[in-house]
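One-letter residues, chain by chain:
There are 2 protein chains.
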Amino acid sequence: MTDTARGTARRYGSRPTMKDVASRAGVGLKTVSRVVNGEPGVTPDTERRVQEAITALGFRRNDSARILRKGRTASIGLVLEDLADPFYGPLCRAVEEVARSHGALLINGSSAEDPAREQELVLALCARRVDGLVVIPAGDDHRYLEPEIAAGVATVFVDRPAGQVDADVVLSDNFGGAQDAVAHLIAHGHRRIGFVGDQPRIHTAMERLRGYRAAMAAAGLPVDESWVSLGATDPERVRSAATAMLDGPEPVTALFAGNNRVTVTVVRVLGERPQPVALVGFDDFELADLVRPAITVVAQDAARLGRTAAGLLFRRLDGIADPPRRVELPTRLIARGSGEIPPYEG
Amino acid sequence: MTDTARGTARRYGSRPTMKDVASRAGVGLKTVSRVVNGEPGVTPDTERRVQEAITALGFRRNDSARILRKGRTASIGLVLEDLADPFYGPLCRAVEEVARSHGALLINGSSAEDPAREQELVLALCARRVDGLVVIPAGDDHRYLEPEIAAGVATVFVDRPAGQVDADVVLSDNFGGAQDAVAHLIAHGHRRIGFVGDQPRIHTAMERLRGYRAAMAAAGLPVDESWVSLGATDPERVRSAATAMLDGPEPVTALFAGNNRVTVTVVRVLGERPQPVALVGFDDFELADLVRPAITVVAQDAARLGRTAAGLLFRRLDGIADPPRRVELPTRLIARGSGEIPPYEG
Chain A
1 MTDTARGTAR
11 RYGSRPTMKD
21 VASRAGVGLK
31 TVSRVVNGEP
41 GVTPDTERRV
51 QEAITALGFR
61 RNDSARILRK
71 GRTASIGLVL
81 EDLADPFYGP
91 LCRAVEEVAR
101 SHGALLINGS
111 SAEDPAREQE
121 LVLALCARRV
131 DGLVVIPAGD
141 DHRYLEPEIA
151 AGVATVFVDR
161 PAGQVDADVV
171 LSDNFGGAQD
181 AVAHLIAHGH
191 RRIGFVGDQP
201 RIHTAMERLR
211 GYRAAMAAAG
221 LPVDESWVSL
231 GATDPERVRS
241 AATAMLDGPE
251 PVTALFAGNN
261 RVTVTVVRVL
271 GERPQPVALV
281 GFDDFELADL
291 VRPAITVVAQ
301 DAARLGRTAA
311 GLLFRRLDGI
321 ADPPRRVELP
331 TRLIARGSGE
341 IPPYEG
Chain B
1 MTDTARGTAR
11 RYGSRPTMKD
21 VASRAGVGLK
31 TVSRVVNGEP
41 GVTPDTERRV
51 QEAITALGFR
61 RNDSARILRK
71 GRTASIGLVL
81 EDLADPFYGP
91 LCRAVEEVAR
101 SHGALLINGS
111 SAEDPAREQE
121 LVLALCARRV
131 DGLVVIPAGD
141 DHRYLEPEIA
151 AGVATVFVDR
161 PAGQVDADVV
171 LSDNFGGAQD
181 AVAHLIAHGH
191 RRIGFVGDQP
201 RIHTAMERLR
211 GYRAAMAAAG
221 LPVDESWVSL
231 GATDPERVRS
241 AATAMLDGPE
251 PVTALFAGNN
261 RVTVTVVRVL
271 GERPQPVALV
281 GFDDFELADL
291 VRPAITVVAQ
301 DAARLGRTAA
311 GLLFRRLDGI
321 ADPPRRVELP
331 TRLIARGSGE
341 IPPYEG
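Protein sequence lines, in the order shown, are assigned to chains A and B.
Mind the numbering: the first sequence is residues 1 to 346 in full-length UniProt numbering, read in order.
Mind the numbering: the second sequence is residues 1 to 346 in full-length UniProt numbering, read in order.
Honestly, I wouldn't trust all of these hints.
[To be verified] Each pair of labels, with its calculated beta carbon distance range:
| no. | chain 1 | residue 1 | chain 2 | residue 2 | range |
| --- | --- | --- | --- | --- | --- |
| 1 | B | His102 | A | Pro342 | 48 to 56 Å |
| 2 | B | Pro235 | A | Ala321 | 58 to 66 Å |
| 3 | B | Ser101 | A | Arg239 | 24 to 32 Å |
[Claimed, not checked] Pulled a few chain A residues facing chain B out of the computed Cβ check, cut under 7 Å:
| no. | residue |
| --- | --- |
| 4 | Leu83 |
| 5 | Ala84 |
| 6 | Pro86 |
| 7 | Gly109 |
| 8 | Gln119 |
| 9 | Leu121 |
| 10 | Ala124 |
| 11 | Gly176 |
| 12 | Val269 |
| 13 | Leu270 |
| 14 | Arg273 |
| 15 | Val291 |
| 16 | Asp301 |
| 17 | Arg304 |
| 18 | Leu333 |
| 19 | Arg336 |
The set of hints was computed from the structure by calculation and includes no laboratory data.
Don't be surprised by glycine CBs; every beta carbon is placed ideally from N, CA and C.
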């Protein structure tokens, strides 16, 4: 969207029309119609001008007006990050339950943590006329959504904040939860604590790192930079990061794992070590209580994140147009054993 | 779809037109257009006749022809059973990866094991012009899909077979896998083995029960009917079923859990018993190797199920029109400890 287009004051809910496109491109309405409908008889140069006007104005064919009105099912879209991450299961299901209670279908897609993919998917869902969107963003610039939001597609961000657009957002208290995790390890006598987190471009990863540093600072403990590792959460990277901290010149006696993907690999790594190492993981996970030692975690309420986001969305769909809200949900430390192991005195 | 409509020979890929609807309803084209576009000026009686003709012919507005052709993203739909069941995570992701390699987006929805919801979702995705569908069916009658399939929406069923329609299907060898599980327990000395399975209307649950009975019969072992319990997989039901088998007049010394949802609850139940009880679970799950004892499972290859189904789908989308295929993938027994516990001699 260009600055010019963004500068155009437009009533909330009013979409640019084909006439607006024609006027901006300096062509007739019939030409715009040809381009939009993929009909022949338009020169490449004219087609490019029309396409540019379409992009600049955020014009989209309003197919919903033509969809069989009787029997049409309302639907909302949910764009998440990874279909196979168990953290998102309860979140998805909660959004779906709220959607169903409003008589709407839920349609999902996954960005696989790729901002371009997120945008493609969001716009594809908009083109397929979802009434609203819940987005777990992969990217940090959501200005591409402005025309949709302006046109009345209600949008709520969850788990991570929106980038450069004003919209409802529902987050966990990632900073506070990480502080609690690290303070818990410190309270059990640890001074050298490692943090293995997700990629630094992910908001939650940085918030958890901030919480880690704040807790260390509050206890007057220095942080050796070899104790912090952010990156992909695949088992190889996590294994090598954790091993380096455990075997380094300033070996850690405890680890704080930045999310459930990290935790499951760290549990495996620690199971192979001769000495006991304390562990607190961010995110609860199934069977965390049955592993030995059982895993101490900072739990997010994933279902409540989903339920709250969906609730805000249907509030918008009901026409409530007050300023965007930011809701932050608390986390909860669940002590199960792994986080209460004292420092190993070699 | 009526018998009359099904009897009408129609070329694969040719959709009924508005003209067909008009002719069947005995009205003019303009009237059909009004009904389809939700415009006024049609009497309720005429509207009903037109709607009946639409239903009988399987007519659907071909919105794809009107969607901006340039930049339109191909998409396929995946309808699964439960967004929060970790078994479906790798399956979803595999379908998505194949879709992406073909430049297509994946759109998902969940039936929550409700046949009516499945149908609603499938038709909503068709109305939103997915190019093809991968369906994990909740219902056992998919004749509602015939008009879509006839109109060229490629459809592949996975995990469970289609009901009453001819389509590609990809299944695990549920019968053989269950036989292996129970034969393994028998080989470790068990004679009284319980089976806690999913609901009897689910194809995989019945196939696994059939495998259980076949393995018992092959070893010449009787099955006391108190050793078989099918039903919902919520923790309360599973807990009470497993406890009844363990404390009954003919107590079992081993359990075969019918899927991963059942297994995680049975693991908890067994952890609270004074005597050791053997367990084999159908489906592998994360951390099965870290629980003590580690859990012996019959693993399905969920990713391969998804990959195979998506591969068949894109084969159809590429225009290959040979007869529907049925692919059955093998399962694999992974011995980890819980399935090798001998019978407890009280």
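> Hints broken by the structure, by number, lowest first?
Replying inline: 2, 8, 11, 12, 13, 14, 16, 17, 18 and 19
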